[in-house]
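Note that the protein sequences, when read in sequence, are chains A and B.
With positions in the first sequence counted from 1, the corresponding number in my numbering is that position plus 164.
With positions in the second sequence counted from 1, the corresponding number in my numbering is that position plus 466.
Worth flagging that the hints you see were computed from the coordinates, not collected in a lab.
Here the structure is a predicted model, which is why all the values come from computation and not from measurement.
Glycine included, each C-beta is placed from N, C-alpha and C at the ideal position.
This list has only true hints and no planted wrong ones.
According to the in silico footprint, chain B covers these stretches of chain A (three or more CB under 8 Å from chain B):
(1) 193-207
(2) 266-275
What follows is a set of in silico ranges between Cβ atoms, one per label pair, in the way DEER data are often shown:
(3) Ile219(A) <-> Pro577(B): 42 to 50 Å
(4) Gly495(B) <-> Thr184(A): 34 to 42 Å
(5) Ala476(B) <-> Arg249(A): 22 to 30 Å
(6) Asp468(B) <-> Ile169(A): 29 to 37 Å
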Amino acid sequence: DAGVIQSPRHEVTEMGQEVTLRCKPISGHNSLFWYRQTMMRGLELLIYFNNNVPIDDSGMPEDRFSAKMPNASFSTLKIQPSEPRDSAVYFCASTPYGGTKNIQYFGAGTRLSVL
Amino acid sequence: EDQVTQSPEALRLQEGESSSLNCSYTVSGLRGLFWYRQDPGKGPEFLFTLYSAGEEKEKERLKATLTKKESFLHITAPKPEDSATYLCAVLLIQGAQKLVFGQGTRLTINP
Numbered sequence: 165d166a167g168v169i170q171s172p173r174h175e176v177t178e179m180g181q182e183v184t185l186r187c188k189p190i191s192g193h194n195s196l197f198w199y200r201q202t203m204m205r206g207l208e209l210l211i212y213f214n215n216n217v218p219i220d221d222s223g224m225p226e227d228r229f230s231a232k233m234p235n236a237s238f239s240t241l242k243i244q245p246s247e248p249r250d251s252a253v254y255f256c257a258s259t260p261y262g263g264t265k266n267i268q269y270f271g272a273g274t275r276l277s278v279l
Numbered sequence: 467e468d469q470v471t472q473s474p475e476a477l478r479l480q481e482g483e484s485s486s487l488n489c490s491y492t493v494s495g496l497r498g499l500f501w502y503r504q505d506p507g508k509g510p511e512f513l514f515t516l517y518s519a520g521e522e523k524e525k526e527r528l529k530a531t532l533t534k535k536e537s538f539l540h541i542t543a544p545k546p547e548d549s550a551t552y553l554c555a556v557l558l559i560q561g562a563q564k565l566v567f568g569q570g571t572r573l574t575i576n577p
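Next up, chain B with everything else stripped away, as it sits in the complex (with noise of 0.2 Å):
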């Protein structure tokens, strides 16, 4: 069974203190990996894909990282809007567009 788990899942954290999330699979086959970010009341937001173990992808504090099992999600000096939950979602090669998501990894920034 295609399964896709992320931890830890809550963090805190101080403004500053950089730290990383999980999200690990075990998929048939993997075409791609999601990131989303969702704040509360709020829809998931994309932030990043990622197709190919290696590969990277930034953007302003957030690193994603791919390997053949997991990807990080790293955070450099956050902030407090930084505070939100991130779920990572798995897309796969016989799924056609089906997304499977993962619980989630609710992150708080304190001050």
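For reference, chain A alone in the conformation it holds in the complex (with noise of 0.2 Å):
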């Protein structure tokens, strides 16, 4: 199994750019989770996915955050107008909705930078 996919894995942008981060989950898990980490606030769940239906996007900071899911492999998280701040690591993690375990299995990241 390949694991959850991210890409970009780096992006340095400028402030005001768009921003898109993009994930592919694990085949079969149709719950998908979106995490921001950094040192400051550590892990911070972002909005979660359950059959492609946001669940619950309390985490989302602001209006300039949204994130989509179109279809069960593939999610984005955008950021329209990017500011510094909202440089950062940012994960993507899925699970099997239903399962007994709830285990989140994580991708590698992208690190975001806005200058």
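Two chains, two frames, a set of hints: combine them into the complex.
Right, here's the structure in full:
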């Protein structure tokens, strides 16, 4: 199994630009999670989906952030416009929805730098 | 407010020197507690999950235990390759599938 695949691995952009992060969950996993990790705040859940439907987006910091899951094998996290404080590592994770163990498997992350 | 606190923030050990990492939690209702390992530049990697007080899990040099208020990750005779950040997370009864993570303990094992 290839695991959770995220792209790009690194993204450097200028303030005000649109940024799109991509995630492919593990095949057969129908719950997908987006996290942000910073030194100050640690690992924080932004939003998660079950069966492509957003369930909880209470962690999305503001309207500049949006996430979509158009099908079971692809999700995007978009920041528009980006700001320097958005600089962080963004992780995607997946797990089988309805599974008893609730183990989330993480991708390698996207390191975002907004200049 | 649900909180997860890990201690110490950082720990340096000599190879072979056993120790324990702590994860204490104050939550409304616990469904499960998870331990992850994170290497620099990588995503968290699942280690263990514990569901009830008194439960223990082992994997190589690591053993995780759970009480009603905290969990310990015991590291026996560690090796340099055990160096990593260890993250604890809780799954709440009323949190659906949301994991609440602690800040992590950065462990360094010197040869």
